[in-house]
Amino acid sequence: MARIAGVNLPTAKRVIIALQYIHGIGPKGAATIVERAGIDTARRVNELNDAEVLKIREIIDADFTVEGDLRRETSMNIKRLMDLGCYRGLRHRRGLPVRGQRTHTNARTRKGPAKAIAGKKK
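Taken in order, the sequence shown gives residues 348 to 469; the numbers are from this note's numbering.
One should not assume that every hint holds.
[Claimed, not checked] With a cut-off of at most 35 Å between alpha-carbon atoms, the simulated DSBU-like pairs for lysine-lysine come out as follows:
1. Lys426 <-> Lys458
2. Lys426 <-> Lys375
3. Lys360 <-> Lys402
4. Lys360 <-> Lys375
5. Lys462 <-> Lys426
6. Lys375 <-> Lys458
[Claimed, not checked] For each label pair, taking beta carbons as the anchor points, the in silico distance ranges come out as:
7. Val445 <-> Arg404: 32 to 40 Å
8. Thr412 <-> Thr388: 18 to 26 Å
9. Gly459 <-> Arg435: 16 to 24 Å
10. Pro460 <-> Tyr434: 21 to 29 Å
11. Lys375 <-> Tyr434: 45 to 53 Å
12. Gly459 <-> Leu431: 22 to 30 Å
Don't read these hints as lab results, they were simulated from the structure. Cβ coordinates follow ideal geometry from the N, Cα and C atoms, glycine included.
Using the sequences and the accompanying hints, generate a full structural model.
Next up, the structure:
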């Protein structure tokens, strides 16, 4: 089992799919890495030798922000917005949608479960 960027890649999957298990690498990034490493897209992780795994590691370290660093960068960006007190920061702080979605109805994912209110008395 190859370990890249602190993630154990599944050995039975193709390299281009297995690389997407790393947080911060999607389909396009995985295709770029495989192409630059000179690895055939049909090859599986268990078919890679140590030199190829090392080459993939070097490409990721040089050109991609992944895993813990990416999560830290994202949370720091959100924290910066909250500290600035800008509109987006306030929306993050209040747990509301940030990108202009309606909140009169919907937005349940962001707002959490509906708060129960007293029903109408008949």
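Determine which of the earlier numbered hints do not hold for this structure and return their numbers in increasing order. 11
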